[in-house]
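Undergrad: So the protein lines, in turn, are chains W and E.
Be aware that the first sequence starts at 37, since it is given in this note's numbering, and climbs by one per residue.
Be aware that the second sequence starts at 745, since it is given in this note's numbering, and climbs by one per residue.
Since the hints were made in silico from the structure, they are not lab data.
Cβ atoms here follow ideal geometry from the backbone N, Cα and C, with glycine treated the same way.
Check each hint, because a few of them may be wrong.
[Said to hold, decoys possible] So, partial list: chain W residues that the calculated Cβ filter (under 10 angstroms) puts toward chain E:
| hint | residue |
| --- | --- |
| 1 | Ala73 |
| 2 | Leu94 |
| 3 | Asp96 |
| 4 | Pro100 |
| 5 | Ile102 |
| 6 | Gly146 |
| 7 | Val178 |
| 8 | Gly181 |
| 9 | Ile209 |
| 10 | Phe210 |
| 11 | Asn211 |
| 12 | Leu231 |
| 13 | Leu292 |
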Amino acid sequence: MSDAARKDASLAVETGRTSIPRVSLTGGRSVGNMVFAGLVGVAAVVVILLIIGLFWELGDRSLPAIRANGWGFLWNTTWDPPKRIFGAGTFIVGTLITSVVALVAASAVGVLVALFLVEIAPAWVARPLSVIVELLAAIPSVVYGLWGVYVLGGFIRDFLGPWIAQTLGFIPIFNGDPRITGIFSACIVLSIMILPTIMAVSRDVIAAVPGSQREGVLALGATRWEMITMSVLPYARSGVLGAAILGLARAVGETLAITLVIGNRVGIPHTIFDPAYTMASVIANQFTEVENEAHRAALVEVALLLLVITFVINVIARLLVWRVTNGQNVTVQE
Amino acid sequence: MNRDAFVATQPRYARRKFFDRVMTGVMGAAALVTVVPLLLILFYLVRNGVGAINLDLFLLDPSAPGRGGGGARSALVGSLIMVGTATVIGTPIAIGCGIFLAEFGRNRAGTVLRFLVDVLAGIPSITVGLFIYGLMVLPVRKFTALAGAAALAIILIPILARITEEMLLLVPRSLREAAYALGAPRWMTVLRIVLPTALPGIMTGLMLALSRIAGEAAPLMFTALGNQFLNTDLLHAMDALPLRIFYFATGPYESWHQQAWAMSLVLVAFILFLSLGVRALVGSKVTIRQ
């Protein structure tokens, strides 16, 4: 309240214009309420400070690297710690390929499953199916990695990989030498890992489409699939897009599973079976054994880049999802 | 107009109906495809893990590289200690933040905070690890379990805060009004009436958050580091189950791989128990939108 306003208020009391005193039934500004509001307010401030601190700390620690590497860090493909030459180009390419492929695959399946759950499946199917997808989200990253290396990797090297190389080998990117670890394994593992996120958020968004939207189209004689494409999907469009982008954020930040299955090699991959690096996996793989301070700072710069990218992706995704659900029941699942 | 007559007026009806059936099948197939990976992962976990589960796994520390034998005691104990510490650090902040969102968050400030909490939940856990590394490890030049627990707490806070908010908002207004009518001030109403009513839901949310951080290794790599020996001191490097799985999975020894499978089986069983079992115990009245 400004000084002038306060003066007005006290004037009003003196001249008797406010006849009813403001008594709050809930204790108003009593000491207990103030202490309570203060305490929970502190908790809220801590959360805000955490986010600011994250950016501040990573920015501060990577400042020497930002100065030394310049903008070229974003596209240079040489990463040579002993010679102190640092370019994150190959990591950015690795992250881009794996997460975009996973995004496309998981979105296609995830949205179809979400539609199945909301529009078609009876409760006795939808419930257990939802639980199964939630379990998929509950399995730790490192377990996906273990499975990806010792089960999926062998399958790709011995069966799936040779078959793909043989049938699609005339296209250069498929004409590779299938290994246990590589981009192809990483894409498959990543698709499975982000599927629950995309599915759960799409389900919430699709369930938020008002029934009248469906009834209107059905009354005009549409089949169920026509109802989905003509009324449900257009209405939920931005939310479903948001769900996919949330999955993208998860894919970009995914660390341990990818570190285990992608092969960890610096260099631009030429075929889908080549080993590569992602931004997250290079940090996990190299940070504990850095060669020099410049190397450490460069890795923190990669982390800062990763943080900024996922932050932007998350903000876009949340805004899109909120537009459909009005901030209610937004999935907090990571 | 009977059905045949109707179809006759709609020459494309049969085709549309057919396409509708096909797409229904496609959606059902997508649902089936989703189930397959989970079954495959669970199957191989049990097949490869069961053989290496024995008493040694729980009673012995990891052996020196290549020696064979040994167990995962240090990792099991370390995980329990760090997850417990993270709960102690994170829960008050998360519940406080959740109460703030539910009680004072029906305005623009609340919307912004809710948004930030959601964004915090989406930040990669490895960057959280680096953040705590700079904040708590570099200044003292020492990897500590406390730093690991702090990193886990940062991951727990946004998850639990949002669940707490949703659970508090589910409490019927009439309960709150009854408390006010008896003259209870707002703080007492929230702490003695609303919060206890929402507690089963919040506890379920806590279990889900715990099942999440119990499986996290990325934030621990640069904070708790891992430790081959049993350590219960929060101020020293400490092992954790997911960390040990990662180290053993990347190692060259067959015995390590087997133990990695066994530890994964234990970890996944623990996590499934937390997320499924507790939900069943609390009862179906509480539904969590995870």
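Undergrad: Does each hint fit the structure? Answer for all of them.
TA: How the hints compare with the structure:
For Ala73 of chain W, the interface hint holds, the least distance from its beta-carbon to any beta-carbon of chain E being 7 angstroms, beneath 10 angstroms. The beta carbon of Leu94 of chain W is positioned within 10 angstroms of a beta carbon in chain E (closest approach about 6 angstroms), and the interface hint is therefore held. Of the supplied interface hints, the one on Asp96 of chain W holds, with its beta-carbon coming within about 8 angstroms of a beta-carbon of chain E, less than 10 angstroms. About 13 angstroms separates the beta-carbon of Pro100 of chain W from the nearest beta-carbon of chain E, more than 10 angstroms, and the hint is not met.
For Ile102 of chain W, the suggested interface contact is broken, since its CB lies about 15 angstroms from the closest CB of chain E, more than 10 angstroms. Of the supplied interface hints, the one on Gly146 of chain W holds, with its beta-carbon coming within about 8 angstroms of a beta-carbon of chain E, less than 10 angstroms. With a cut of 10 angstroms, the hint placing Val178 of chain W at the interface with chain E holds, because the nearest CB-to-CB distance is about 5 angstroms. Because the beta carbon of Gly181 of chain W sits about 7 angstroms from the nearest beta carbon in chain E, less than 10 angstroms, this interface hint is met.
With a cut of 10 angstroms, the hint placing Ile209 of chain W at the interface with chain E is violated, because the nearest CB-to-CB distance is about 24 angstroms. With its C-beta approaching chain E no nearer than about 22 angstroms, Phe210 of chain W sits outside the 10 angstroms limit, and its interface hint is violated. Hint on Asn211 of chain W is violated. Least Cβ distance to chain E is approximately 27 angstroms, over the 10 angstroms limit. Hint status for Leu231 of chain W relative to chain E: holds, with the closest Cβ pair at about 6 angstroms, below 10 angstroms.
With a cut of 10 angstroms, the hint placing Leu292 of chain W at the interface with chain E holds, because the nearest CB-to-CB distance is about 5 angstroms.
Hint violations for this structure: numbers 4, 5, 9, 10, 11, all remaining hints satisfied.
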